[in-house]
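**Q** Here is how the chains run, residue by residue.
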Amino acid sequence: MTMQVEVDESKCIAAGQCVLSAPEVFDQRDEDGIVVLLEQRPGAELHEVVREAAGLCPAAAIRLAELVEG
Amino acid sequence: MSRILVVGASAAGLAAAETLRREGFDGELTLVGDEPHAFYDRPPLSKQILASQWEPGKLALRPPADLEALGLDLRLGVAAAGLDPAGRTVRLADGSELRYDGLIVATGVRPRRLPGEGAHALRTLGDALVLRDRLGRGRRLAVVGAGFLGSEAAAVARGLGAEVVLVEPAPVPLAHAVGTEVGRVLTQAHLDHGVDLRTGVAVVEAGGGGVRLADGELIDADEVLVAVGSVPNTEWLAGSGLTLADGLVCDEYCAAAPGVYGAGDVARWHNPLFDVPMRIEHRTNAAEMGMAAARNLLRPDAEAEARRPFAPVPYFWSDQYDMKIQAYGYLRGHDEIAVVDGDLSGRRFVAAYRTGDHLAGALAVGMPPKALLSWRRAVASRAAWSEAVPSTASVVG
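Quick note, the sequences are listed as chains P and Z, same order.
So for the first sequence, this note's numbering puts the first residue at 1; every next one is plus one.
So for the second sequence, this note's numbering puts the first residue at 71; every next one is plus one.
A hint or two may mislead.
SDA-like cross-link-like pairs, simulated, lysine to any residue; straight-line CA separation at most 20 Å [as the list claims (entries may be wrong)]:
#1 440/Z <-> 8/P
#2 11/P <-> 194/Z
#3 128/Z <-> 65/P
#4 440/Z <-> 38/P
#5 128/Z <-> 151/Z
#6 11/P <-> 438/Z
#7 128/Z <-> 14/P
#8 11/P <-> 112/Z
#9 11/P <-> 210/Z
#10 117/Z <-> 210/Z
Facing chain P, a subset of chain Z residues (Cβ under 10 Å, in silico) [said to hold, decoys possible]:
#11 84
#12 250
#13 385
#14 438
Per the computed footprint, the stretches of chain P lying under chain Z, defined by three or more beta-carbons under 8 Å from a beta-carbon of chain Z, are [to be verified]:
#15 10-20
#16 28-37
#17 55-63
By construction, these hints were calculated from the structure, which means they are not laboratory data.
The beta-carbon is built from N, C-alpha and C at its ideal position, and this holds for glycine as well.
Could you put together the complete structure from these sequences and hints?
**A** Here you go:
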């Protein structure tokens, strides 16, 4: 299964919760703290922390799609 | 456990439901919400929605397909009316009863009201849309309460060209939350943006046509917004035997009774990190506590060691005018504040808060958000004040 991560910069409020949960996948811009996506398709070992990050995001700015590739 | 009931269909309830499914709960999951809409985000109501920058659809916390995948039995537009913990039954306002094996209470808060008729509140999407349609150039808005919500609404209204009078009972707005000196700095932003600020005045009535002060003066306004804090929605739990004291009282695992957990704005729990009971009305806490409550509910007592205490570092943000305010930690009851970066007068600074011998929290205004993360880490590790804060930092309160 492949996980695809999307972030909505227009909703991001720069809380940094995603960076605390999954620093391998998310970062923040230095100047305004807006989310930077480092890994659009993180490996399976990161799926749990990415789901945690999406659940914690106080702006619902992280969306996950789990794709079954044929 | 085959039936779990979540009462409350906002951020905490959603986080709980998602976590239950992620942790493998595949039984019946019922979610009750008293509003006709569910799973929408509230912080933008006093920001982008009031400013007409966003349409309501952007508030959705999840796309419909994600909600569908949770397999919820969703009961919206009906409030919970009673709880029988011994019989493990919740009664709804329409008379129906729901049995559960596990219950998560996430019924949130509602705005505190003042005497008078016709004033606005700002808690629900409906509230925000009604107020939004009545703001604009040439309109005069009176806001009662210069806390974070009232301040955000005042800032938006000024941005829309409305005349704003902001009435606050305390001598310095937000002093109880962030300290007097920082409160003064935030207050100055209102003055700089042309708000008519009246502090230290008691309001006896807030109605459709204005605000009546204790000394008899009437402040005229086209619209009045009352933003004087919130009341936890716990009335439906009266007589249940659960402990209610400004919220549903929970232990450090978010448990209120066997099989009953609390989450979000409504829940008061003992935060072991700070070793104090707290009830936090912040957006991030709703999600964190919904997750924690769900995880602990799924751990049977026999596996007590698998339960985890809920020990978060609280976080909040507020957007007012051109300022972003962010804070980590528990600032209430602090003993001392020191500016550790920037300066207050420029409204660009980081302030550290001491409670006892520890760094209790940090608040930043106008700083890059990443600059605060090291302070969060220090709060989370219960850093000693003497180690976290340079002795050269300027003490301001």
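**Q** Run every hint past the structure and note whether it holds.
**A** Tested hints:
1. Proposed proximity of residue 440/Z and residue 8/P is supported: the alpha carbons are some 19 Å apart, at most 20 Å.
2. For the hint linking residue 11/P to residue 194/Z, the alpha-carbon distance of about 19 Å falls within 20 Å, and the restraint holds.
3. For the hint pairing residue 128/Z with residue 65/P, the CA-to-CA distance comes to about 18 Å; that is within 20 Å, so the pair holds.
4. Only pairs whose Cα atoms come within 20 Å are accepted, and residue 440/Z paired with residue 38/P is accepted, the gap being roughly 16 Å.
5. Straight-line distance between C-alpha atoms of residue 128/Z and residue 151/Z comes to about 31 Å, which puts the hinted pair past the 20 Å bound.
6. Taking the CA atoms of residue 11/P and residue 438/Z, the gap is about 17 Å. The hint holds against a cut of 20 Å.
7. Between the alpha carbons of residue 128/Z and residue 14/P the distance comes to roughly 17 Å, so the proposed pair stays at or under 20 Å and holds.
8. Using a Cα cut-off of 20 Å, the hinted pair residue 11/P and residue 112/Z holds, with the two alpha carbons roughly 13 Å apart.
9. Annotation: proposed proximity of residue 11/P to residue 210/Z is violated, straight-line Cα distance about 30 Å (limit 20 Å).
10. For the hint linking residue 117/Z to residue 210/Z, the alpha-carbon distance of about 18 Å falls within 20 Å, and the restraint holds.
11. Evaluation of the residue 84/Z hint against chain P yields a held restraint, the C-beta minimum of about 9 Å falling below 10 Å.
12. At about 26 Å, the closest approach between the beta carbon of residue 250/Z and any beta carbon in chain P exceeds 10 Å, and the interface hint on this residue is violated.
13. Look at residue 385/Z: its Cβ gets to within about 6 Å of chain P, closer than 10 Å, so that hint holds up.
14. Hint status for residue 438/Z relative to chain P: holds, with the closest Cβ pair at about 6 Å, below 10 Å.
15. For the stretch 10-20 of chain P, the stated coverage by chain Z holds: 8 residues have a C-beta nearer than 8 Å to a C-beta of that chain, and at least 3 were required.
16. Coverage of the stretch 28-37 of chain P by chain Z holds. Counting CB-CB distances below 8 Å, 5 residues qualify, and the rule asks for three or more.
17. Only residues whose C-beta sits within less than 8 Å of a C-beta in chain Z count toward coverage, and the stretch 55-63 of chain P has 7 of them, enough to reach three; the restraint holds.
Hint check: violations occur at hints 5, 9 and 12; the rest are consistent with the structure.
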